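Trainee: Protein chains in written order, with my numbering: chain E, 464 to 713; chain Y, -9 to 233.
I should point out that these hints are in silico values taken from the structure, not numbers from a laboratory.
Please note that the accuracy of each hint is not assured.
[To be verified] Only part of the chain Y face toward chain E is listed, based on derived beta-carbon distances under 8 Å:
| hint | residue |
| --- | --- |
| 1 | S(-5) |
| 2 | V15 |
| 3 | R72 |
| 4 | H76 |
| 5 | Y79 |
| 6 | L108 |
| 7 | H110 |
| 8 | P118 |
| 9 | D121 |
| 10 | T125 |
| 11 | S181 |
| 12 | K193 |
Note that the coordinates shown come from a computational prediction; the quantities given were computed from them, not determined experimentally.
Idealized CB from N, CA, C, for every residue including glycine.
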Amino acid sequence: MKLFLKVWRQNDRNDEGRFETHTLDEVSEDSSFLEMMDQLNEQLLEEGTEPVVFDHDCREGICGMCSLTINGHPHGTENSTTTCQLHMRKFDDGDTITIEPFRARAFPVVKDLVVDRSAFDSITQAGGFITVRTGSAPDGNALPVPKNDSDRAMDAAACIGCGACVASCKNASAMLFTSAKAGHLNMLPQGQAEKDKRVLAMVSAMDEAGFGNCRNFGECSAACPKDISLDYIAKLNRDHIKAKIKSVFA
Amino acid sequence: MFTSSLGKKYLMALSGLVLIGFVFVHMAGNLQILMGQEKINAYAHALQSLPMPILWGSRLFLLAAVIVHAVTAYQLVKENRRARPHSNYIETTKKAGLASLRMGLTGSILLAFIIFHLLHFTIRLIYPEYDKMMTMVGSPDSDKIHDVYTMVIAGFQHTWVSVFYVVAMFLLCGHLAHGVSSAFQSLGIRSENWRAKLELAAKAYAWVIFAGFSIVPLLVLAQNWGMIKFFNFSSGMEPLALN
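Chain E extracted, bound-state conformation (with noise of 0.2 Å):
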């Protein structure tokens, strides 16, 4: 299939940035959307251009390492879909693709569509971890958690911190982020001694970031590859809220 590929450039996160459109011929439909970028880089090295520069690692939709915004949408249109798990045949020869980094403050441009994301790893290392010695693996059942706690947290768990719940928020909220990983840390029973501490830091951690604010849209969700729930995002409310009045009586 023959592509239009509309792609933004930006040398540094001071350049304003440009679109440059590229055309692209022989696209195979069983190529993923990477493999289409790698292929459109072969062509602008044979042509003496500098490649474009994009996030990937896995490829298995895993890793949270691959971004990019396709007409308009993180990770493209699909649902549960990573980038480099959308195929080239969930587009029609002839189309003209959109690709732009992610877009929010708190992840400025490094080059290309290369976006610094390490406003997350702050939002991480302000509480999302249990600072005990946590030794080998225990054994199983030696610390009892219902099914459906263990179920709910692994969702929560789920999020490979890529950045699309922010690129499709309208205001960059990290809100999903932050509630997911937050979120299954406080529903386990590791969790719980530091749960108040771990809430009030990581939603201070996320202020700090420069992320805008949640307005319920839902966006964010939709967006998500791996589908974390709004449902984090009210108890994280319902955690930061009931965390703020202890800290009162304190």
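Let chain E serve as the given structure and place chain Y on it in line with the hints.
Mentor: For chain Y alone, kept in the frame of chain E given last:
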């Protein structure tokens, strides 16, 4: 407590819940106009005769809720615009409805409506003749009281005033359709099992409020156009001069 991003959302939700409750009580009170002149006049007089601390306490409480809601919304919008300085070349939405996307627009127009509405009926600056509209009908004793019944009907004689009221109530309906369920989400009182029911209840509530408020100006308009004979006034009533 209220300085973080979540704290501001709590303020929006709490002040919003106050106003959500208020519009229902206000609507229920208004609907007494359908039960006749005596009923609505007596109700309005009873409200205005409440002991000073209760009357002014409630008024200031509601005013504070509106101010907190509007000021916090302004702060949030400012932060949100800063957080997303570059828009996508193609802006898309997958899930968000029109009501949720346009909260700022509906909210701003509603703020203008609230100011107009207070000037219209409470402060009575729009029509200076209102202060002369006194009657014995509905009065608990021999004193003359405000003839709210006539004030409302006279107020809606200008078609544009009635239309503005109905349009504002439609925008309120949109604002509530997202706002009611959003308030619960911001306070963390929502779960997957609840979500669909809560959203349905919010939409139903929004439409009830719209219908309950709009029926009065719509009935006055219908009577003016000779379609019905419901209120006790001649359809040739002169529109009041605007201040």
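Trainee: Hint by hint, say whether it matches the structure.
Mentor: Against the structure, the hints come out as follows:
Given hint, Y:S(-5) at the interface with chain E, holds; its Cβ is 5 Å from that chain's nearest Cβ, closer than 8 Å. About 25 Å separates the beta-carbon of Y:V15 from the nearest beta-carbon of chain E, more than 8 Å, and the hint is not met. With its C-beta approaching chain E no nearer than about 6 Å, Y:R72 sits inside the 8 Å limit, and its interface hint holds. Hint on Y:H76 holds. Least Cβ distance to chain E is approximately 5 Å, under the 8 Å limit.
For Y:Y79, the interface hint holds, since its Cβ comes within 8 Å of a Cβ in chain E; the closest pair sits about 6 Å apart. Interface restraint check for Y:L108: the shortest CB-CB distance to chain E comes to about 28 Å, outside 8 Å, so the restraint is violated. This hint is violated: Y:H110 has a C-beta 31 Å from the nearest C-beta of chain E, more than the 8 Å allowed. For Y:P118, the shortest C-beta to C-beta distance to chain E is roughly 42 Å, which exceeds 8 Å, and the interface hint is violated.
Of the supplied interface hints, the one on Y:D121 is violated, with its beta-carbon coming no nearer than about 43 Å to a beta-carbon of chain E, more than 8 Å. Interface restraint check: Y:T125 against chain E, minimum CB-CB distance 47 Å, threshold 8 Å, status violated. Checking Y:S181 against chain E by beta carbon gives a least distance of about 6 Å; that is within 8 Å, so the hint holds. With a cut of 8 Å, the hint placing Y:K193 at the interface with chain E is violated, because the nearest CB-to-CB distance is about 15 Å.
In the structure shown, a violation is registered for the earlier hints numbered 2, 6, 7, 8, 9, 10, 12, in ascending order.
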